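Residue 66 in the numbering used here sits at position 66 of the sequence shown; the count goes up by one each step and never skips.
Simulated from the structure, these hints should not be mistaken for lab results. Errors might be hidden in some of the hints.
Pair ranges (Cβ atoms, derived) [as the list claims (entries may be wrong)]:
{"hint": "1", "residue 1": "Thr95", "residue 2": "Lys2", "range": "24 to 30 angstroms"}
{"hint": "2", "residue 1": "Leu60", "residue 2": "Thr21", "range": "34 to 40 angstroms"}
{"hint": "3", "residue 1": "Gln30", "residue 2": "Thr79", "range": "28 to 34 angstroms"}
{"hint": "4", "residue 1": "Thr79", "residue 2": "Ala44", "range": "19 to 25 angstroms"}
{"hint": "5", "residue 1": "Asn22", "residue 2": "Leu76", "range": "19 to 25 angstroms"}
{"hint": "6", "residue 1": "Ile4", "residue 2": "Gly85", "range": "25 to 31 angstroms"}
{"hint": "7", "residue 1": "Thr21", "residue 2": "Val78", "range": "28 to 34 angstroms"}
{"hint": "8", "residue 1": "Ser19", "residue 2": "Asn87", "range": "34 to 40 angstroms"}
{"hint": "9", "residue 1": "Asp91", "residue 2": "Arg24", "range": "30 to 36 angstroms"}
{"hint": "10", "residue 1": "Thr95", "residue 2": "Gln20", "range": "29 to 35 angstroms"}
Computed from a predicted model, the values in this text were never measured in an experiment. Where a beta carbon is used, it is the ideal one built from N, C-alpha and C, also for glycine.
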Amino acid sequence: GKVIQEIMKADQGQSSIVSQTNARVTTTSQSSANYAAGWLTSSASWAGGRGVEHDGSNNLNYARVQIALDRGVAVLAVTNSHDIGSNRSYDAMATAMLQLWTYYNAHSAQ
Numbered sequence: 001g002k003v004i005q006e007i008m009k010a011d012q013g014q015s016s017i018v019s020q021t022n023a024r025v026t027t028t029s030q031s032s033a034n035y036a037a038g039w040l041t042s043s044a045s046w047a048g049g050r051g052v053e054h055d056g057s058n059n060l061n062y063a064r065v066q067i068a069l070d071r072g073v074a075v076l077a078v079t080n081s082h083d084i085g086s087n088r089s090y091d092a093m094a095t096a097m098l099q100l101w102t103y104y105n106a107h108s109a110q
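Please take these sequences and the hints and turn them into a complete structure.
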């Protein structure tokens, strides 16, 4: 969570650790594949502009983060389960992320 906060601060030029230039290089697609230094770039509706997302697993746990850079908000979810060879964890996490964004959109001052 702290790393995500720092990325968001750096994107706005407010980090004392990472420059805005470096933050934007790592969160901006360098190819047509929507890939930026480990992040997938997105213009999905949850992003409301520039967005990046990343997920991963150590085969025992599964984590996913989506950062809406222009909105200044991120959603991070972690589970202590990951089913290798199936999309159940991925699908469940995608559903949970959508629910979190729906809740945020309904309860935030836009």
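Outcome of the hint check:
Roughly 26 angstroms separates the CB atoms of Thr95 and Lys2, a value that falls within the hinted 24 to 30 angstroms. In this structure the supplied range 34 to 40 angstroms holds for Leu60 paired with Thr21, their Cβ-Cβ distance being about 37 angstroms. Distance hint check: the CB atoms of Gln30 and Thr79 are about 30 angstroms apart, consistent with the given range 28 to 34 angstroms. Checking the proposed 19 to 25 angstroms range against Thr79 and Ala44 shows it holds: the Cβ atoms sit about 21 angstroms from each other.
About 21 angstroms separates the C-beta atoms of Asn22 and Leu76, a value consistent with the hinted range of 19 to 25 angstroms. Hint check: Ile4 to Gly85, Cβ distance near 29 angstroms, so the stated range 25 to 31 angstroms holds. A beta carbon spacing of about 30 angstroms between Thr21 and Val78 agrees with the range 28 to 34 angstroms that was offered as a hint. Separation of Ser19 from Asn87 is about 38 angstroms and conforms to the stated range, judged on CB atoms against 34 to 40 angstroms.
Distance hint for Asp91 and Arg24: a CB-CB separation of about 32 angstroms, consistent with the stated range 30 to 36 angstroms. One distance hint, 29 to 35 angstroms for the beta-carbon pair Thr95 and Gln20, holds here, with the actual separation near 34 angstroms.
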